[in-house]
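S.K.: In the UniProt record's numbering, the protein residues as written are 1 to 285.
Derived from the structure by calculation, the hints contain no laboratory data. In this text the structure is predicted, and so the values were computed from the model without any measurement. A hint or two may mislead.
Stated by the list, open to error - No more than 30 Å apart at the CA atoms, straight line, and that leaves these computed lysine-lysine pairs for DSBU-like: (1) Lys175 with Lys78; (2) Lys234 with Lys154; (3) Lys122 with Lys154; (4) Lys207 with Lys154; (5) Lys207 with Lys175; (6) Lys165 with Lys154; (7) Lys165 with Lys122; (8) Lys165 with Lys175; (9) Lys78 with Lys122; (10) Lys234 with Lys207; (11) Lys122 with Lys175; (12) Lys175 with Lys154.
Stated by the list, open to error - Beta-carbon label-pair distances, calculated as ranges: (13) Leu166 with Glu98: 24 to 30 Å; (14) Asn119 with Lys234: 15 to 21 Å; (15) Lys234 with Phe145: 37 to 43 Å; (16) Ile247 with Asn119: 41 to 47 Å; (17) Asp237 with Ala132: 16 to 22 Å.
Yeah, the Cβ is synthetic: ideal placement off N, Cα and C, and Gly gets one too.
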Amino acid sequence: MSLTGAEYSERRVYMTHCLSDQAFILITFAHGNAATDAEMKMLSWNVFPVDLLSRPLQTICLWDIGAGPKEGKVVDAKTIFTGHTAVVEDVSWHLLHESLFGSVADDQKLMIWDTRSNNTSKASHSVDAHTAEVNCLSFNPYSEFILATGSADKTVALWDLRNLKLKLHSFESHKDEIFQVQWSPHNETILASSGTDRRLNVWDLSKIGEEQSAEDAEDGPPELLFIHGGHTAKISDFSWNPGEPWIICSVSEDNIMQVWQMAENIYNDEEPDNTPASELEPQGS
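Sequences and hints are given; from them, build the entire structure.
M.R.: Quick look at the structure:
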């Protein structure tokens with residue numbers, strides 16, 4: 001069944017059938033007492049059946065769609081996670097482990113949660129990820145250990161779940177807050193980020209540490225593969241095309257949507273190093 005989720009400030013999430021020509025609600029998800037005054041802004045589907053995450057203010061709510069009632073009924077949250085001390089900005093399921101998800105918040109922390117744990121007030125892992133609010137995170141679809149976070153401190157951080165004490169790398173080029181980060185669904189080492197500076201940066205992890213001429217260094221670090229500067233307002237969101245490599249759709253706050261692709265010679269000018277993201281050394285090691 002093809003489903004789509006939507007969220008509203010009335011503190012409920014509605015699930016509808018996206019292939020139907022009729023507007024009807026399959027299930028309504030309520031946050032219950034944990035979200036009395038909370039506005040919901042974010043959802044994440046588990047790629048494994050049937051769980052859904054959302055976050056109101058400092059809490060994270062988990063629903064089990066498969067255990068829900070019949071069509072049109074209200075479902076309360078199955079589990080509520082309460083580890084963060086400030087507004088949660090993003091949640092994301094791990095793409096290769098059905099019980100793991102991550103969250104980031106204005107408390108500058110990255111937290112990794114395991115739904116099998118009975119302790120819903122303390123994450124399995126918690127790290128001070130950035131020096132300002134953390135706005136987004138994304139798990140690598142190819143490596144079970146690698147994820148990235150984006151922050152108001154203008155950087156994207158690369159992490160290895162096996163050792164969260166040190167970040168693997170910090171990507172620095174943005175001039176303002178970062179609000180979205182996503183891995184390419186086609187290449188383990190390709191990552192993109194966007195934010196308030198109206199730029200969408202595409203990064204290539206395999207180029208980290210490459211030697212540069214002074215002239216090239218003026219354009220950014222070697223891992224900065226491409227900067228899309230076509231927007232004239234803050235980029236609200238973007239998405240990689242899952243079927244066509246290197247095609248991205250991005251939207252900005254001036255109501256403009258752009259579908260674009262960088263020139264082939266930019267990403268195919270030489271044989272890639274193809275160093276797996278999981279083999280990178282942490283900073284400071």
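S.K.: Hint by hint, note whether the structure agrees.
M.R.: Hints, verified against the model:
no.: 1; hint: Lys175 with Lys78; in the structure: violated, 40 Å
no.: 2; hint: Lys234 with Lys154; in the structure: holds, 14 Å
no.: 3; hint: Lys122 with Lys154; in the structure: holds, 28 Å
no.: 4; hint: Lys207 with Lys154; in the structure: holds, 20 Å
no.: 5; hint: Lys207 with Lys175; in the structure: holds, 21 Å
no.: 6; hint: Lys165 with Lys154; in the structure: holds, 20 Å
no.: 7; hint: Lys165 with Lys122; in the structure: holds, 17 Å
no.: 8; hint: Lys165 with Lys175; in the structure: holds, 26 Å
no.: 9; hint: Lys78 with Lys122; in the structure: holds, 17 Å
no.: 10; hint: Lys234 with Lys207; in the structure: holds, 27 Å
no.: 11; hint: Lys122 with Lys175; in the structure: violated, 34 Å
no.: 12; hint: Lys175 with Lys154; in the structure: holds, 6 Å
no.: 13; hint: Leu166 with Glu98: 24 to 30 Å; in the structure: holds, 27 Å
no.: 14; hint: Asn119 with Lys234: 15 to 21 Å; in the structure: violated, 38 Å
no.: 15; hint: Lys234 with Phe145: 37 to 43 Å; in the structure: violated, 32 Å
no.: 16; hint: Ile247 with Asn119: 41 to 47 Å; in the structure: holds, 42 Å
no.: 17; hint: Asp237 with Ala132: 16 to 22 Å; in the structure: holds, 20 Å
Violated hints, listed in ascending order, are 1, 11, 14, 15; each of the other numbered hints is respected by the structure.
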